[in-house]
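Kindly produce the complete structure, drawing on both the sequences and the hints.
Note that my numbering numbers the sequence shown so that position 189 is 189, with each residue one more than the last.
Worth flagging that the hints you see were computed from the coordinates, not collected in a lab. Quick caveat, the model's predicted, so the values are computed rather than measured. Careful, some of the hints might be misleading.
Claimed, not checked - The calculated lysine-lysine pairs, modelled on DSBU-like cross-linking and capped at a C-alpha distance of 30 angstroms, are:
no., residue 1, residue 2
1, LYS203, LYS168
2, LYS114, LYS3
3, LYS166, LYS102
4, LYS19, LYS3
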Amino acid sequence: MSKTILIVEDENILREIMKDYLLEEGYRVIEAADGKQAVSLFQEHEVDLILLDIMLPELDGWSVCRRIRRTSNVPIILLTARSDEDDTLLGFELGADDYVTKPYSPSILLARVKRLLESRHIREHDSDTLSSGGISIHFPSRTVSIDGTSSGLTHTEFEILAYLLKNKGIIISREQLITKIWGYDFAGDDRTVNSHIRNLRSKLGKHAKQIVTVVRSGYKFEDEL
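In structure tokens:
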């Protein structure tokens, strides 16, 4: 069954270009020209990924991302003409998974889409679950429970936690995380990783200390003492 992608872009030409490329790849496409329409369409349809412009009429991309993250961990790729890194980090803090800066190559955008969608169905583990202390990851459903309570991690937070837990006790550099989660062509930096780790820790509650920062090296996951 083809995946459904919601394009949220107020520039008609750009939206049509994205739509044509995605349709050629076999995706189903839903379009929104403003933020309010985007939220409404998301509530009405089963969406597998969102391409979300930041500068939108009615409701900006930040607000759309914030509202969707209240109920869903659907992958979100921000589309931004801004070069200010603080704007990008704000998007990550609100729960976005990736971003593409305008003007962008359609092939780069498609690669980002495919990577996010495919990673949701790839499991690199022998068992269906990984656990440590009160943290348990169930890979078939891509869910994480903290002390028996479901935790709403975003796609990227799930991938980071799974990678660290799989390599428990091993120091993982920020560069390794960037390559593993976003790919070699990602233009982000250490602050991108730091932002996602901060969000992830906030959702782990008392277990946040199991993700240990190793100064000038990266991060590692440790069992509780």
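30 angstroms Cα cutoff - pair LYS203, LYS168:
Holds. LYS203 to LYS168 sits at ~19 angstroms (cutoff 30 angstroms).
Within 30 angstroms, alpha carbon to alpha carbon, are LYS114 and LYS3?
Answer holds: LYS114 to LYS3 is near 10 angstroms, not above 30 angstroms.
Taking only the CA atoms, is the gap from LYS166 to LYS102 under or equal to 30 angstroms?
35 angstroms, violated
Mind checking the alpha carbons of LYS19 and LYS3 for me, to see if they're no more than 30 angstroms apart?
Satisfied, since the Cα-Cα distance of roughly 13 angstroms is no more than 30 angstroms.
Consistency with the previously given hints fails for number 3 only.
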